[in-house]
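Make one complex out of these two single chains by using the hints.
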Amino acid sequence: MNLSASTQTTLTLFGGVFGVLVLASAIGALLKWRVAHGQPHPVIDNLNSRVNAWWVMVAVIGLAFAFGKGGVIVLFYLISFYALREFMSLAYTRRGDHHAIAVAFFIALPVQYFLIWIDWYGLYAIFIPVYAFLVLPILAAVGGDTQRFLERTSKIQWGLMVCVFCISHVPALLTLQIPGFEGRNLLLIAFLVIVVQGSDVLQYVWGKLFGRHKVAPELSPSKTWEGLIGGVASATALGAALSWATPFTPWQAALMALTICLMGFFGGLVMSAIKRDRGVKDWGTMIEGHGGMLDRLDSVVFAAPVFFHALRYWWTP
Amino acid sequence: MNPSPRSGLRKAAAVVSSWLIVGAAKLLTGVRGLWSGTGPKAEQTLYFANHTSHGDFVLLWATLPPDLRALTRPVAGQDYWEASALRRFIGEDVFNALMIRRDGGTAAGAPNPVEQMTQALQSGDSLIMFPEGTRNTGDETLLPLKSGLFHLARACPNVRLVPVWIENLKRVLPKGMLVPIPLACTVRYGAPLVLAEGEDKTAFIARARAAMLALRPEYDKAED
Chain P
95 MNLSASTQTT
105 LTLFGGVFGV
115 LVLASAIGAL
125 LKWRVAHGQP
135 HPVIDNLNSR
145 VNAWWVMVAV
155 IGLAFAFGKG
165 GVIVLFYLIS
175 FYALREFMSL
185 AYTRRGDHHA
195 IAVAFFIALP
205 VQYFLIWIDW
215 YGLYAIFIPV
225 YAFLVLPILA
235 AVGGDTQRFL
245 ERTSKIQWGL
255 MVCVFCISHV
265 PALLTLQIPG
275 FEGRNLLLIA
285 FLVIVVQGSD
295 VLQYVWGKLF
305 GRHKVAPELS
315 PSKTWEGLIG
325 GVASATALGA
335 ALSWATPFTP
345 WQAALMALTI
355 CLMGFFGGLV
365 MSAIKRDRGV
375 KDWGTMIEGH
385 GGMLDRLDSV
395 VFAAPVFFHA
405 LRYWWTP
Chain H
91 MNPSPRSGLR
101 KAAAVVSSWL
111 IVGAAKLLTG
121 VRGLWSGTGP
131 KAEQTLYFAN
141 HTSHGDFVLL
151 WATLPPDLRA
161 LTRPVAGQDY
171 WEASALRRFI
181 GEDVFNALMI
191 RRDGGTAAGA
201 PNPVEQMTQA
211 LQSGDSLIMF
221 PEGTRNTGDE
231 TLLPLKSGLF
241 HLARACPNVR
251 LVPVWIENLK
261 RVLPKGMLVP
271 IPLACTVRYG
281 APLVLAEGED
291 KTAFIARARA
301 AMLALRPEYD
311 KAED
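So the protein sequences, as listed, match chains P and H. In this text, residue positions in the first sequence follow my numbering: the first is 95, and each later residue adds one. In this text, residue positions in the second sequence follow my numbering: the first is 91, and each later residue adds one.
Just chain H, with the same shape it has in the complex (with noise of 0.2 angstroms):
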């Protein structure tokens, strides 16, 4: 393929652009990232995070160090990310998403999300991903998570399998609200998660979800 001027124009428009998302996000919500039982490393890694907004994976990516940022795609939803050119901009151009469909590939010949994902790891990618499958939008602290992150560390034994809890994205901007609130946001990693041997699917995600849940900082844990 020829650079054409307007590609090159594309990519500093998403390199401008994605300052400008980190810088907003990080001014609006004060996001820190906090990290427990393991740093930030220049290891493939699999983040799989709770998922209460759009905004998430910005808030994950925003609190990696820089150079890991260019190495980390968020895996997305098709229907939202290409609904219109400016989201397709944003999911594409600036954050390299991994475009899923997340009616399950229903469709005849739709590639399967795990196979899509095992396939990006594979090839050297890191991936941010959202094992609720969905966005929580109700009450419920965490929905159960789906067995794609069972069999994504089955397939990808070498990948870090990093559990992320990140906080007050819901209050900051509820479904339905038209105009954010500035809240602090933490986003915290944990210690990284490794399939034992023999470990069976239920088990393994019943620990990732205790994982996730046990990073929620403590003034959370005790509304339960």
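Isolated chain P, as found in the complex (with noise of 0.2 angstroms):
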């Protein structure tokens, strides 16, 4: 009963999804038609390459929940493989740090996800916080090389933490045991996902209909405040009317969706910084319209440790 019940649940939201591609896929063909009249035209052209690579997003979700617990676990150990490799191709390294960057790709990365699959919290939790960092300078170090040793090791670091260990934090959501809500955790990380991506989706919808005043112009020249509050404001609503896929009652669910909103914000803020230090404005060119893996998962990264825990510490016994 559970189960079906849940299953409806998770069709009911793809449904909810669903209607909203189809609608932005209706609105991208009307600018393209009546706006642009057929010709190319930047704004709408990035729009539209934006909403179909949605379509393969949401496509390559749906058939990972499709295959339960597993699925998720490849899908984000693939998500995470994807940004690592983003990262450590924009850091600054060199000869000396190879054994460290081996060892982050080849045992960090699957070990993480091993951990979460054989559901060991005590351990990912604090994998790579503690023995990845200790053990990733130890094999810099034994590389001899000094020249701008701290920056590089604590690049290498930044990328696991980021890449992996939050990114991680995702499908270990499965993980947790909340009374009343067993066998339904898919639907945690639908409700996350949904959210974050919601509100990057609404403040730039938000900031391209009514942006005027920008939050970070040496960072992130397209963030303005009226698409942030617009946005996150818009999103937190989103949430609450959520609440019923969710084990939070609407003013909880609310609350949770602000949260990740808001740290979902500041986590693209820090990726952008990040990519402002390295003279380049995508991660990568993965998705089409998008950018990079990690341009479209900078808001997730930072969310999704906070939101794990939030509900491990408030939801669990």
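Take these hints with a grain of salt, some might be off.
Claimed, not checked - Below 25 angstroms or equal to it, Euclidean Cα-Cα: the simulated DSS-like pairs (lysine-lysine) are:
no., chain 1, residue 1, chain 2, residue 2
1, P, K249, H, K236
2, H, K265, H, K291
3, P, K126, P, K302
4, P, K375, H, K265
5, H, K131, H, K116
6, H, K265, H, K116
Note that these hints are calculated values from the structure, not bench results. Here the structure is a predicted model, which means the values were calculated and not measured.
Below is the structure:
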């Protein structure tokens, strides 16, 4: 009974997302026809390729959900891998870092996801921040190259923190035992992803329609106060409206949504600062119209661990 | 020559190997080709690129459109690519490499590399060559270019000379390391270079070198 109820709720959520995407595609086609008159138009074309990429991303997430826990863990393992590749490709490293980077890719990344698979909370919560953070600088030091050592070490550590540790907290939501919510944890992932990505999309829409005053012109020229306030407020309302699919009451859902939207916003700001520091606009070219994997995920990265621990502290016995 | 069943088998193995090598290179390095100032064209082309690893020409080859790959031969060092049966298979059968001697043909009767390349270009092949003449294994961004590029430009004025910058492969597998790390690589193609009338060797080589260095991404240049 529980299972079929949760499947039904998941399908309803996907149905809603599907409807929004149909609407977005229709608006994009209408803009292309009425405003751009079928001619190339940078903003409208970018909007349309973003919407198209969303179709693909929703399909991929849907496929992973269909396979349950294993599918979600494999999906986020791959997401972490591509995110880490984008991060390390941009970071300044030297020959002496080779072993440390190899360990990050081939040991730290699989071990973290394996620990989530076997649900060993006590170790996956500290594996990267304690053991990887101590072993990586040891490997770099053994490499013998001291030039810009602290900077190089911190870059590899940060890459693991952001791309593996933080992202792995999305599938880790499946391991939480919330009384009365058993067997429905996929909905927690759906809630997190819909609210955080919805906040990104709504900030984009509000910003494009009403944006005047820039929040951080140095970091992210496209972020405006109008977009931020409108986007976060409407995504918080969206979160409250989704409370029926979660273990939260409406006001709890709104507070959760507000928290993860703000973490997501500041996460985007931090990741932009790293990109500006490296002199690039996007992390990669993997997702048409969005940039790289990290460009799409920067807000999830910062929201996921906070959402996970808030749930774990207040909702699990 | 009669095509024996054995040589047919070898050819099939070469085609399959080329798919596998290109597929593995793409999976491992996430390589993408970026063209600026020109696009991939079915015209005879000499690609000249920086050289930091034995995998360089595989990356360049993997980012070419499949129909151009068949027309494009890498120029490779004989001493390395003929050192074992497997390397010979990859070098000759899979990539149809033009084998040259890197000791400058000091041995009596050895063919001159520039002449070999000129002949290949005159017979209609496109080539991938590394004008540094050797693999750059140190911290230097780009070694001084050998004069071969200038002689080729003069001998074959109709060939498009496309500068290429291969980014990051040195970081994927530095010399002496066993495990490659999966960083994303980029192959950047620039606008073709034309030898100006009366331009001398030094000036042309300097221009070619500047064209290669200009293709580096911003964040690499910032570290000079």
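To see whether the hints hold, each was checked on the structure:
no. : hint            : in the structure
1   : P/K249 / H/K236 : 37 angstroms, violated
2   : H/K265 / H/K291 : 32 angstroms, violated
3   : P/K126 / P/K302 : 16 angstroms, holds
4   : P/K375 / H/K265 : 31 angstroms, violated
5   : H/K131 / H/K116 : 22 angstroms, holds
6   : H/K265 / H/K116 : 20 angstroms, holds
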